[in-house]
Each structure stands twice: as C-alpha cells, then as structure tokens.
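Engineer: Going line by line, the protein sequences match chains R, Y and E.
Note that the first sequence covers residues 1 to 360 in this note's numbering.
Note that the second sequence covers residues 361 to 671 in this note's numbering.
Note that the third sequence covers residues 672 to 1020 in this note's numbering.
You may find that some hints are simply not true.
The calculated lysine to aspartate or glutamate pairs, modelled on EDC-like cross-linking and capped at a C-alpha distance of 20 Å, are [stated by the list, open to error]:
1) 208/R with 22/R
2) 759/E with 428/Y
3) 208/R with 233/R
4) 971/E with 982/E
5) 134/R with 164/R
6) 742/E with 570/Y
7) 208/R with 224/R
8) 971/E with 951/E
9) 756/E with 570/Y
Keep in mind that the hints were calculated from the coordinates and are not lab data.
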Amino acid sequence: MSGTHEPAEGAGPTPPLLEISDLRVSYEVGSRSVKAVRGVDLLVRSGEALGIAGESGSGKSTLVMSFLRLLPATATVTGRVSYHGEDILTMNWGRVRAVRWAGASMIFQGAMSALNPVRTIATQISEPILLHEKVSPRTARARAAGLLSDVGLPATRLDAYPHELSGGQRQRAMIAMALACDPDLIIADEPTTALDVMVQAQILQLLKDLTANRSVGLVMISHDLSVLAEVCDRLAVMYAGSICEIGPTGEVRTDPRHPYSAALLDAFPVIGDPASRRQPRGLPGDPPDATATAPGCPFAPRCAVVMPSCADHEIELWPAGPQRQSSCLRVLPEFAADRPNVNQRPDGAMASVTERNPGR
Amino acid sequence: MTDSVPDAVDARVAASAPPLGRPPARFAGLRRRAVQFFTMPTGFFGAAILVIVIGTALFAPLIVSPADLDVTKVSGPSLNPPLAGYPLGTDQAGRSVLDLVIWGTRSSLVVGLIATALTVVVGTTIGLVAGHYGGWISRLLMQVTDWFIALPGLPLAISLAAVLGQGNASIIIAIAVTSWTGTARLVRAQTLAVSARPFVERAKALGAGDGQVMRRQILPSVVPIVLVTSTLKIADSILSAATLTFLGLGNPMDVSWGSILNSALGQGALTAGAWWYLIPPGVAILIVVLGFTLCGRALETIINPRTETAR
Amino acid sequence: MSAAAIEVPGPADVLEARNLRVTFSSRRSAAPARAVDDVNLALGRAEIIALIGESGCGKSTLARALVGLVKPQGGQVISQGAPLKYSKAALRQHRRSVQLVLQDPAGALNPRHTVYDLVAEGPRLHGLTGNLYERVCTALTQAGLRPPEQFLARYPHQLSGGQQQRVVIAGALALEPSVLVADEPVSSLDASARGEVLRLLIDLRDTLGLSALVVSHDLGLAWNIADRVAVMYLGRIVELGTVEEVLLRPQHPYTRALLSILPGRRSAQTLTLLQGEAPDPAAIPGGCRFHPRCPLYAEKADDPRAQWCRERDPQVLPALSDSHLVACHFAASGAPDNPTAPPASAVGA
Chain R
1 MSGTHEPAEG
11 AGPTPPLLEI
21 SDLRVSYEVG
31 SRSVKAVRGV
41 DLLVRSGEAL
51 GIAGESGSGK
61 STLVMSFLRL
71 LPATATVTGR
81 VSYHGEDILT
91 MNWGRVRAVR
101 WAGASMIFQG
111 AMSALNPVRT
121 IATQISEPIL
131 LHEKVSPRTA
141 RARAAGLLSD
151 VGLPATRLDA
161 YPHELSGGQR
171 QRAMIAMALA
181 CDPDLIIADE
191 PTTALDVMVQ
201 AQILQLLKDL
211 TANRSVGLVM
221 ISHDLSVLAE
231 VCDRLAVMYA
241 GSICEIGPTG
251 EVRTDPRHPY
261 SAALLDAFPV
271 IGDPASRRQP
281 RGLPGDPPDA
291 TATAPGCPFA
301 PRCAVVMPSC
311 ADHEIELWPA
321 GPQRQSSCLR
331 VLPEFAADRP
341 NVNQRPDGAM
351 ASVTERNPGR
Chain Y
361 MTDSVPDAVD
371 ARVAASAPPL
381 GRPPARFAGL
391 RRRAVQFFTM
401 PTGFFGAAIL
411 VIVIGTALFA
421 PLIVSPADLD
431 VTKVSGPSLN
441 PPLAGYPLGT
451 DQAGRSVLDL
461 VIWGTRSSLV
471 VGLIATALTV
481 VVGTTIGLVA
491 GHYGGWISRL
501 LMQVTDWFIA
511 LPGLPLAISL
521 AAVLGQGNAS
531 IIIAIAVTSW
541 TGTARLVRAQ
551 TLAVSARPFV
561 ERAKALGAGD
571 GQVMRRQILP
581 SVVPIVLVTS
591 TLKIADSILS
601 AATLTFLGLG
611 NPMDVSWGSI
621 LNSALGQGAL
631 TAGAWWYLIP
641 PGVAILIVVL
651 GFTLCGRALE
661 TIINPRTETA
671 R
Chain E
672 MSAAAIEVPG
682 PADVLEARNL
692 RVTFSSRRSA
702 APARAVDDVN
712 LALGRAEIIA
722 LIGESGCGKS
732 TLARALVGLV
742 KPQGGQVISQ
752 GAPLKYSKAA
762 LRQHRRSVQL
772 VLQDPAGALN
782 PRHTVYDLVA
792 EGPRLHGLTG
802 NLYERVCTAL
812 TQAGLRPPEQ
822 FLARYPHQLS
832 GGQQQRVVIA
842 GALALEPSVL
852 VADEPVSSLD
862 ASARGEVLRL
872 LIDLRDTLGL
882 SALVVSHDLG
892 LAWNIADRVA
902 VMYLGRIVEL
912 GTVEEVLLRP
922 QHPYTRALLS
932 ILPGRRSAQT
942 LTLLQGEAPD
952 PAAIPGGCRF
962 HPRCPLYAEK
972 ADDPRAQWCR
982 ERDPQVLPAL
992 SDSHLVACHF
1002 AASGAPDNPT
1012 APPASAVGA
C-alpha cells in the first residue's frame, strides 16, 4: 500500500495520479460488437477535479467503471489505466482490491442500494478502517464520527440505519464511506442525480469543499454540464464513446469548441438571458448506433455546422487553445476560415458561442 | 388513406409493418422463447411426453374399440399376467389392462384440465379484483382466501363430492374449490406490482375505467405467470382427480386411471399379487405429472417474472 | 412573446383549482399528510404555467387532482367554468379535455403495445373510432413524429426517450384536449431531447391553442417555456406571477434560494443554501410554513414581523389577480434589496 498516500504532484519521475491511455471497452452482443468506449486518453493530477459530461449511451459510465475494473466479465477492455504509474488493468486481484479499499473509492448514484440496509452507518464507515489499518474499534468509531462531521452529518447519526436517513443524508454517508481510508482518488458517478435541487446544491458544495481541502483527485460524471462546472476544474465532453472536447471548465462553458458541447450547454437556459426565453433548444436526431464503425465524425449527422470533409476525415483530439482540445475539424487551421460562425445555425436554434452570456 | 371502415384500418396498420427494419418484437420474442423452450432438456422432454400423452388421448378410439372395455363383451382370461394379445395382462373381467390405461387417459386429462381451468379462472378473477380495487374489497377477498387456505383439502373434497354426488363434475368442483387460493394470491401480488407502473396511470388519465384498465393493462402482464403456474397446477389436478376417483368418488362407469386403481383394489388385485393391474395406471399418472411439471418448469425459466417485468 | 402571455386570467380560464386540499392518511401515523393545502391556481386559455417545487411539495398531487385522478378533500376543480363532479361520466368527459403527460415515458407506455395502439388507446376508450387511423396519424404528426406511418408498428423500446415522450403526448393529443398537465415531462430525458420536447409544448400552444400546466423542479424550464410561474412549498403556492416577475425579481425567500442554487447558472445573487430537506407534509410547521428554513427569518429575528412568521400563516394567494403575488410577511412592505415590491402581494395583517 506504499505510495498511496504520497503526493504525486509535479513533473519528473513521479507518475501522475491517474493516466488513461487509449482505453477501449467493447461488449460482444450476439455477433455484433458494441463499442462503448473508443479510445480515450485522460490525465488526472492529484487534487484536481475532472468532470466528464455526456448523455445516456455516451460511454461515460463504462469509462469510469473500467478505472477500477468494475465492469462485468463480458466486457473487453484494452489500453492502460495507470494509477500512480501502475497499470490497474494488469494488476492481480489482490492489488486491485487494495487500491479499491484504500487508494481510490467510488460514490454511486443510488445511495440506498449501495449502503447495507441492516447495518448502522458507524459499522459501515469503520469497516474499511478496521480491516485496513489495524486500529482499535474505538479509534475507528472516533474516525467515523469525524468523517460524518466532515460531510455535515451530526455524530448522533452514527448509530442510524440507512433507512432512517433522508436521501441527502444517505448520500453524505456514502461520501463519508468513500473518504474512510483517505483515498487520493474519488470517482463519483452522477452523485446528485437522484437528489432534490436543494440537496443537490448542498452535496455539490460538499464535494467542492472536500476536493479543495484534501487535495483528492476527483473524477465526476454527469449528464448535466452545469453540475460538473460547479465542482470541476476541467471538463471533458463525451459523445459516442470518445471525448469530443476537453479543457478548463470556464473556457469550455463560455466558449465551447465543439458543436456538441455547445448544444449540451444550450439545452439548459440561463435565466435572464433573453435569447433562451421561450426558445428551448434541443438537438435533433439520435446518437449513432454503438456498433457502427463508419469513418468520419460521429456527430456529423446531427451537427448544425457540418462540412463535406466531416464525413470521411479521420477524427482525433486536436489542440484548440492552451490546455484545450477538440475533435471538431473546424479547430484545424485548414478549416478555420469559417470559425466565427461555427456554432451559428440559420434558424437560430443554436446560439452563436460569441453571443452566449453565461456570466449573468 | 382517406375515409375507410375502422376494421379495415386496423388490418392495414397490421400490414403496414414493413417500413420497420426488423420484425415486430412480439413475434420475434415469441420465436426466441419457443427456441429457448425446446433447447432446454426439461422443455423438450416435457413437451415430448405431453405430445405422446395427448396424442394417445385423442386417438384412443382408434386404438381401442369401446367393445373391448365392455365387461359383457370381452373374452380374455380373468386376472392374467401379460401374455400375447394382452401386453399388460388382464383385469378381473378379462379386459386388457393396456386398453384400460389408454382409454383412461381421456378422462384423466379432461378432468385435470377442466379443474385447472376452473381454478385459474376463479383465482385470477379474485386476485385481479382484490389487487385492483384494494381497500375493503381486497381485505374481504383475502380473508376468504385465507379461510380456504386453512381448510384441509382432501377432507373438504371428499365431503363436497359426497354432498354433490359421485361423478366427474363433483371431482372437478372439489379440486377447484381447494386449489384456487394459490392463483388468487399470486395474481393479486402481480396486479399490485403492475398497477404501480406508470402506464396504468396513463390509461386512467386517458379515461379508462376499472374494467378497461384490468383487461387491457393488467391482465396481459399477469397472464404469462398464470400460464406457468397453471401448467404446474394441471399435474396437481390430475393427481388429485386420480386420488378422489381412487377413493371412490368418481363415476363408477367411467374408465380413468383412478378408477382402474380403485377397481383393482376392490377386486383384490393386491392380495392376488396382480402387479400388472396396479402398476400401469400408477406409471401413467407419474408420466403425465412429470410431463406437465417439466413443461411448467421450462416455461418458468423462460417467463421469469424478473426478466418479464424488465421489458 | 405571444399574446397569450399578456392575457389576464379570468373568464377565459380553462382549468382552475379553488381552495383545493388533498390529504393522504396513512394507517400508521395519526396526522394525515397535507399534500395540497389550500391552493388557488387558474390556467388561462393558451397559457403555459410552470409549477415549481422540490419533491414532496405536493406539486404532482396538485397536477393529479386537476386531471381528476385524485379526489380532493376540500375545495373544487373548475373545468371549463363548472365545478368538476366525481361521477364516472363527468370524469370521463373531464379527461377528454384535460390530459396528463407523465415523467417517465418508458414506463408510461405499455411495452406490449405498438405506437398505433398506444395512441389509439384514448380515442378507443372514448368511442372515437371513426377515422381512427387518421386521428392517430394526425396526433403523431402534431407531436412531431413524421411521417407517422413510419412509427405506427413500432414498440416503445424501439424508440429513443424523446420519441417515447412524443408518443405519450400524441396519445394525449388524439383526444383533442384543451389542457395538457405535464408532470416533469423532460426530467428523465437526455439534454438534447429536452429542448425538443419543450419546443413541442410551445408549438402546440401556438398552433392548437393548447394550455399547459408543466410541473417541474427546474426553474430553467419555466424560463424556457412558461408564461407564468407558481412556486410551491409544502402544499401551498408561495409565489405566483409572470416568469419575468418571479424569476428576475423574486420576492419570496424560498424562490430566491431556489434561484441562487441553480448550478453553474448563478446570477449575481449569492448562494443561499437552505439547510436540511423539506419537512414532512404530515407535520407542517405552524405560522409561516417556511419559517424554520427561512434565511430571511433567521436574519431578521429581531424584526417585529418575525413574530408573525412564527404565529401567523400568510394569507392564501388568490388565483384571480394580474399582479405578482407572494405569501411572505416580509414581502408585504418590500424585502431588503427590493423596496418596490408591489403592495398587492402577500397581505400579512
């Protein structure tokens, strides 16, 4: 377990916290191969929060589940998931379990199903501490109480059973469990989706404070870009199993460089923005079939600013500014001529990026 | 595509499926399940047994002539072990035991099937009504169900048959009265589960009354499970029918496996050591029960409630 | 902006809740849950109202009471100017004119039925079987599933989420209703389908003059499509007005809190996180039902009006008014950063 708690900051010989290279996941369904993740590269440094946005079927859940080898045996995973320089995909199971206990933990969407209904919160939080750290039950309980107060639950809830807690409290207890062994990486799968708006705001605030204070790496996935923007430093947008845009949160939100990111941002209006008043914006069409292997940009059939080259040009993530990448052909110099109009659609259904005014 | 008779319109809709790339899921699902059923050993052997048994029942008049079963017209030796012309020996009156068992298939199957049908209809209706309406109706019906569950089955059946008189009708009623409770409870539970699903609320919001909701929305979701249990129940019913007939509650003129056993016992086959008279009807009952049970188990695996409600 | 938005509710109202109360009694707890606790709301012709609130605030129950699926314990539902009777025939008639669209289209569509049967279900139930084929195709076209013939033989699982919701809406349209009551119509849909379905609701209003009450937890949805907004808290409407009034100049501290927490879309307001979760409708606090969580009350504990918050229930907001209404003791004479609040709002004393 050595190295788990060491900071992995900086360049040089210290490997980064989490580095994903050319990750591919496919499932064999009958005679067809469903390609859920199609070659993803990512880097998460210690203390950094990365948000992955995408709609259902974009492959975002499959992607993060593969980090900790939580996928069913029917999935074929290739590529490299390097955690502190060690490839999780080739580790033996004992080591994987050790990483899951102490190094990286996961927060799931449905707290009720992830908590054991017949055991108290205190037992569930102290269990990994007891197993892993050889401390006395008393110390473990004290640690559990401390964790509860960290996540904003009174220590009196220690002996409560999951059903005695409200939805928000259960999600807080889940987060406390995830923090039990001082992980340096937390993976959160739609941590607020099932929660009410006010409770969602509370949990997002909590995640934000935790990542800021503990220098934990956070990978959070959601279908809602604005939820991710609350917590994350960088945003990645996934479409059809690949990342189509990645960059610092503020820049991606104010100036998306991929028409799909722009459409996702436009789906939720800015209150007070006259452009979205009585103008709900959607994206016609459906995501491509996950078994498809057509060349070209997978977003082309739904894209408002599609060009002839999009149909057959090979797509990869190109640099699109400092620390930014996009898989839209229009970020390439040879197609940049019509850049200013990139996100303008004749019927105005998709606002121009330059007209957007999210600061309001 | 202008004005036309509604019936013709529905037919046209059914015919307008081709624009869709793949065949409608209803038939695809059915075919997939049929293949699944027959590739399972239980399903295959169960179905094979039933085909043979039902075929025997249907073609019994071609195999056996009624004259061979008439005590006054037969000419075989009395209570004889198997010999040429009588592969399973003969009974007291000189009839071929094989002929009796073949002919008995008809009555045993018919009684079992009718009793099960009655059980299923009563149980499904009561379960559906109790589950759909809830409240005091449900409480009342479930009280009645509990009461029937608490009643001892065989004594009740015997006394019922005694009151109603000997005959297949009393046996059928006796079986139905004692076995509808299981179906009722199952259907009620399933009804409650289906009623909680949003499409039932949508149907109500569209203006569907209770009857329409039960018929169009709930019943189709309940039927597959009822189908499975009733297949298993047929086996029970045949066994119960044989038991009751054996106890002398059946029609004495009717040939069924139970009545064969009954007369075998009455005519001293046991003391005479006439095993050929006792074993064949017993084995026949065993085979039929096995056939229905295997089919029921196979259906159960395919139409598992868990996979069924998922889609 | 359509003319409908300016239309003052009044005789043109198509659906109205008048002092509506719905309670649920559970056998275990003695106190019944007051899910809808004295609500007035009037939906005008070709008007879209967004009913906003947290889960458990009674917004879905109010929607179901308006559709006639839940029988109120008090007050009335006024449909086309006449109080709704709860006889079978009256309910059938009511359901032809007021249709419900549910949250989860995948669950709302019976998986065993084809699109044709699903859309034809309503007309068949009401005996409208003449030209059924045309009726179904028209409804599908109106719901944006074009060409309709291509969808008729499909099953729900062969459609995307957005298409499924369009089938649900087509099923409602096939009865030619005058009102759609939509309970979280887009919350289970992907972001891209969300805008498409909301646009459809606006188009239906513009082309068919359909009124809609859209129940949601999402204030952004109100900004996208609604003419007026009603904010509901613990069974009561606490703020009611046009979208611009309520969302740009919120008066009730609860509305302000809801606006301040919109993730990533925060305006100049500072984050106001309410602590805890909404209380149980079986134990509604005395006085103003919001005061235990109210940031304004906490801030102004010394103000003499704070006593009202503890002791007096703010007046129930009327349905018939063309002004911005707020059920808050402090709003009556202007909240701190908005001294120009209309005097018509929330009369405390």
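Engineer: Hints first: check each against the structure and report whether it holds.
Structural biologist: A quick look at each hint next to the structure:
1. 208/R with 22/R: violated (29 Å)
2. 759/E with 428/Y: Violated, at about 64 Å.
3. 208/R with 233/R: With Cα atoms ~10 Å apart, residue 208/R and residue 233/R stay inside 20 Å; holds.
4. 971/E with 982/E: Between residue 971/E and residue 982/E the Cα gap is close to 15 Å, so the pair holds against 20 Å.
5. 134/R with 164/R: Violated, at roughly 30 Å.
6. 742/E with 570/Y: Judged against 20 Å, a Cα distance of about 16 Å means the pair holds.
7. 208/R with 224/R: holds (16 Å)
8. 971/E with 951/E: The hint is violated at about 25 Å.
9. 756/E with 570/Y: holds (18 Å)
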